[in-house]
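Participant: Spelled out, the chains give:
There are 2 protein chains.
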Amino acid sequence: MEMTVNVAVIGLGARGLSLLEMVFMEHPLVKIVAVCDVYGDRCKAAAEVVVKKGQPQPLETTDYKEVLSLPNLDAVLICTSWEDHISMAIEAMEAGIYVGLEVGGAYSVQECWDIVRAYERTKVPVMLLENCCYGRNELMLLNMVEQGVFGEIVHVAGGYLHDLRSEIACGQENRHYRLRNYLHRNCENYPTHELGPLARILDINRGNRLISLTSQASKSKGLQDYIRRHKANDKNFLNADFAQGDVVTTVIKCARGETIVLTLDTTLPRYYSRGLQIHGTRGMYNEENQSIFLDGVNDQDHFTWSKHWGNIEKYRKQYEHPIWKQYLEEGVKQGHGGMDWLVYADFIQAVQNKMPTPIDVYDLATWMSISALSEESIALGGHPVAIPDFTNGKWLGR
Amino acid sequence: MEMTVNVAVIGLGARGLSLLEMVFMEHPLVKIVAVCDVYGDRCKAAAEVVVKKGQPQPLETTDYKEVLSLPNLDAVLICTSWEDHISMAIEAMEAGIYVGLEVGGAYSVQECWDIVRAYERTKVPVMLLENCCYGRNELMLLNMVEQGVFGEIVHVAGGYLHDLRSEIACGQENRHYRLRNYLHRNCENYPTHELGPLARILDINRGNRLISLTSQASKSKGLQDYIRRHKANDKNFLNADFAQGDVVTTVIKCARGETIVLTLDTTLPRYYSRGLQIHGTRGMYNEENQSIFLDGVNDQDHFTWSKHWGNIEKYRKQYEHPIWKQYLEEGVKQGHGGMDWLVYADFIQAVQNKMPTPIDVYDLATWMSISALSEESIALGGHPVAIPDFTNGKWLGR
Numbered sequence: 000m001e002m003t004v005n006v007a008v009i010g011l012g013a014r015g016l017s018l019l020e021m022v023f024m025e026h027p028l029v030k031i032v033a034v035c036d037v038y039g040d041r042c043k044a045a046a047e048v049v050v051k052k053g054q055p056q057p058l059e060t061t062d063y064k065e066v067l068s069l070p071n072l073d074a075v076l077i078c079t080s081w082e083d084h085i086s087m088a089i090e091a092m093e094a095g096i097y098v099g100l101e102v103g104g105a106y107s108v109q110e111c112w113d114i115v116r117a118y119e120r121t122k123v124p125v126m127l128l129e130n131c132c133y134g135r136n137e138l139m140l141l142n143m144v145e146q147g148v149f150g151e152i153v154h155v156a157g158g159y160l161h162d163l164r165s166e167i168a169c170g171q172e173n174r175h176y177r178l179r180n181y182l183h184r185n186c187e188n189y190p191t192h193e194l195g196p197l198a199r200i201l202d203i204n205r206g207n208r209l210i211s212l213t214s215q216a217s218k219s220k221g222l223q224d225y226i227r228r229h230k231a232n233d234k235n236f237l238n239a240d241f242a243q244g245d246v247v248t249t250v251i252k253c254a255r256g257e258t259i260v261l262t263l264d265t266t267l268p269r270y271y272s273r274g275l276q277i278h279g280t281r282g283m284y285n286e287e288n289q290s291i292f293l294d295g296v297n298d299q300d301h302f303t304w305s306k307h308w309g310n311i312e313k314y315r316k317q318y319e320h321p322i323w324k325q326y327l328e329e330g331v332k333q334g335h336g337g338m339d340w341l342v343y344a345d346f347i348q349a350v351q352n353k354m355p356t357p358i359d360v361y362d363l364a365t366w367m368s369i370s371a372l373s374e375e376s377i378a379l380g381g382h383p384v385a386i387p388d389f390t391n392g393k394w395l396g397r
Numbered sequence: 000m001e002m003t004v005n006v007a008v009i010g011l012g013a014r015g016l017s018l019l020e021m022v023f024m025e026h027p028l029v030k031i032v033a034v035c036d037v038y039g040d041r042c043k044a045a046a047e048v049v050v051k052k053g054q055p056q057p058l059e060t061t062d063y064k065e066v067l068s069l070p071n072l073d074a075v076l077i078c079t080s081w082e083d084h085i086s087m088a089i090e091a092m093e094a095g096i097y098v099g100l101e102v103g104g105a106y107s108v109q110e111c112w113d114i115v116r117a118y119e120r121t122k123v124p125v126m127l128l129e130n131c132c133y134g135r136n137e138l139m140l141l142n143m144v145e146q147g148v149f150g151e152i153v154h155v156a157g158g159y160l161h162d163l164r165s166e167i168a169c170g171q172e173n174r175h176y177r178l179r180n181y182l183h184r185n186c187e188n189y190p191t192h193e194l195g196p197l198a199r200i201l202d203i204n205r206g207n208r209l210i211s212l213t214s215q216a217s218k219s220k221g222l223q224d225y226i227r228r229h230k231a232n233d234k235n236f237l238n239a240d241f242a243q244g245d246v247v248t249t250v251i252k253c254a255r256g257e258t259i260v261l262t263l264d265t266t267l268p269r270y271y272s273r274g275l276q277i278h279g280t281r282g283m284y285n286e287e288n289q290s291i292f293l294d295g296v297n298d299q300d301h302f303t304w305s306k307h308w309g310n311i312e313k314y315r316k317q318y319e320h321p322i323w324k325q326y327l328e329e330g331v332k333q334g335h336g337g338m339d340w341l342v343y344a345d346f347i348q349a350v351q352n353k354m355p356t357p358i359d360v361y362d363l364a365t366w367m368s369i370s371a372l373s374e375e376s377i378a379l380g381g382h383p384v385a386i387p388d389f390t391n392g393k394w395l396g397r
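As they're listed, the protein sequences go chains A and B. Using numbering that gives the first Met the number 0, the letters of the first sequence correspond one by one to residues 0 to 397. Using numbering that gives the first Met the number 0, the letters of the second sequence correspond one by one to residues 0 to 397.
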């Protein structure tokens, strides 16, 4: 019988609780030994889920330090407010505990260096749990890129294009950290969807690296307009000024010469998309119409392209990624279309085997640093800022 | 009977000749009195078209100065290489001749100032013949913006997304100016599709203005790859290095706080698109799937958007622009889906009535300056550059 993995969860807001219920408690090897949140009611609700699912009562605590001092803890999952992600991860690594870190952006370049140094000092792995790296389309397209279907890749794009107005506007009631971030900061605050998958397509930190970026934000009007129509009773909130621009566009240059356009669009009415685009010398993909255009195949339809919208499905059979082929055979588990299961299963497997994590500290630092760097660029009127080489040259040989 | 307008055409490459045949010779008020190109064979071919269509033999000349010294010339249409656009336009304006200028970008900010000053000195109107300002979808969406359907506009995007590899790679045989530009320059070389329509949506130079931009270019691989496969016999050309990056991304900030993302994507395999996006506080449009998402109307389909692809057609009846309503009733003329006819008809009407042109010298200077400014920003690693106020403050009151 395989050994179970003792796991604690810190941060039990909407994301943490739903992961607990739908992913962690469903994993045959995970034993939840502690649940922690600054709000006691959240701990209680989480512990009830654990017991209801048939596991023993876990430790309930509002003090994460108590969690990190538990004996026999194999891994901690950090699903807290963005502000605490990196510092808590470092503390856990220093306590010798594997860290699974939910996504978000960094607040300074320094904290990205800090976690890199913590890893290099302790050798305790940390994994950024970027579920979109396990998206079905993302993995299939990565497979196509690796097989050369699009030729040499020269430009990609992606974004977090998700209408979060009601979540943010209800941030007081829901105790959600996004509200204070949107009130006071202006940046690409959620870069890792879709930068994670794009970084894999472009071999970032493995033969390529992010060199510099420019970032610009539109004015901030979406939340104000929403609150005036939906929360007009709250007189204080009605006059709130949001620092966060509605649409933030960040353009990144890579060492090999590729450009990446990242878009954050979370406070305007829109459909959900991660806006993935791949442009190479032999073809392109655009998520907005889920179509693949290949040189020499689709040439006759330059001006009649709408008839090929959705043609990604035609390529499924040939290019489905092995990870998803196996997953489909075994039965896709719930959670963001199955991505959550895959990313957490990979993490748990690394913990169990005491192996490195597939998304490592250098990826984490590089991807998360984009928030701090875009904040800097926006504040400087779109001035280009350098993206540090967190590998200190190791990207050349990895 | 309405007076005819005496028109000369300078520049008779593919664009000039096809416009002559399909638009100018079809216009009931246009009399072509001269055709001019540096290549005599092009003049001859153009003159044959004029005669074949039943008009008298026009002057054929390779010297544009001869054209500008003609008596009774009402207007000149400049369809030459980009490099000559502005200087020739200025000479024509100084000769008192209305100028219709085909699209392209400027090579320096100074030449944009020069044409503004030429207009202010001579009061002779010039019109940038930006046909995309007359696109059916562009005008319908402008109509929707003006009626407030999308709420307050905060972000827009557009581009010139057109695979021109074969045109550029055959530039020697076809004597096409794009070839030398792509070999030696790296910039947003064709900004006015879709900046023209976007500028109208955002009231640029009429209550709003473009403030600054950053521009970044990807590496240049598309033409090289194409030439290796399609022109491998030409040993010199095979090793040509193209300065022009395959994809250029330019982000513009406006005085009222909107952002504009402009994309140039002309040397990779792809379908044609102008990539129009409109994002407001009440809704959005995306040309890639030709769909309109409206707040309070489409909310239930955030995650199932593909079923609404192409829904722009549902809005035709209600929001078709009056210009197009009339045009459809009268019968759409050929030429880029009818846009060419409309833009030239507007120009000819202005000439005939000795009125100002609907796209004027300030629009021309502002839109065309983006090429020179993006070249500067790219050369400076994406550094933000200021966009001059060519109106010197008149945008506040226009």
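Check each hint, because a few of them may be wrong.
[What the hints assert, rightly or not] Okay, the calculated beta carbon distance ranges per label pair:
{"no.": "1", "chain 1": "A", "residue 1": "E145", "chain 2": "B", "residue 2": "R227", "range": "19 to 29 Å"}
{"no.": "2", "chain 1": "B", "residue 1": "K43", "chain 2": "A", "residue 2": "S305", "range": "50 to 60 Å"}
{"no.": "3", "chain 1": "B", "residue 1": "S165", "chain 2": "A", "residue 2": "K313", "range": "22 to 32 Å"}
{"no.": "4", "chain 1": "A", "residue 1": "T303", "chain 2": "B", "residue 2": "S107", "range": "33 to 43 Å"}
{"no.": "5", "chain 1": "A", "residue 1": "E375", "chain 2": "B", "residue 2": "H229", "range": "36 to 46 Å"}
{"no.": "6", "chain 1": "A", "residue 1": "K393", "chain 2": "B", "residue 2": "S165", "range": "40 to 50 Å"}
{"no.": "7", "chain 1": "A", "residue 1": "L379", "chain 2": "B", "residue 2": "S107", "range": "21 to 31 Å"}
{"no.": "8", "chain 1": "B", "residue 1": "S165", "chain 2": "A", "residue 2": "E145", "range": "27 to 37 Å"}
{"no.": "9", "chain 1": "B", "residue 1": "A231", "chain 2": "A", "residue 2": "E375", "range": "23 to 33 Å"}
Everything labelled a hint here was simulated from the structure, so no lab data went into it. Quick reminder that beta carbons are idealized off the backbone N, C-alpha and C, glycines included.
Participant: So, for every hint listed, does it hold in this structure?
Facilitator: For each hint, the structure was consulted:
no.	hint	in the structure
1	E145(A) - R227(B): 19 to 29 Å	holds, 22 Å
2	K43(B) - S305(A): 50 to 60 Å	violated, 41 Å
3	S165(B) - K313(A): 22 to 32 Å	holds, 26 Å
4	T303(A) - S107(B): 33 to 43 Å	holds, 39 Å
5	E375(A) - H229(B): 36 to 46 Å	holds, 44 Å
6	K393(A) - S165(B): 40 to 50 Å	holds, 43 Å
7	L379(A) - S107(B): 21 to 31 Å	holds, 26 Å
8	S165(B) - E145(A): 27 to 37 Å	holds, 29 Å
9	A231(B) - E375(A): 23 to 33 Å	violated, 47 Å
Against the hints set out earlier in the document, violations occur for numbers 2 and 9.
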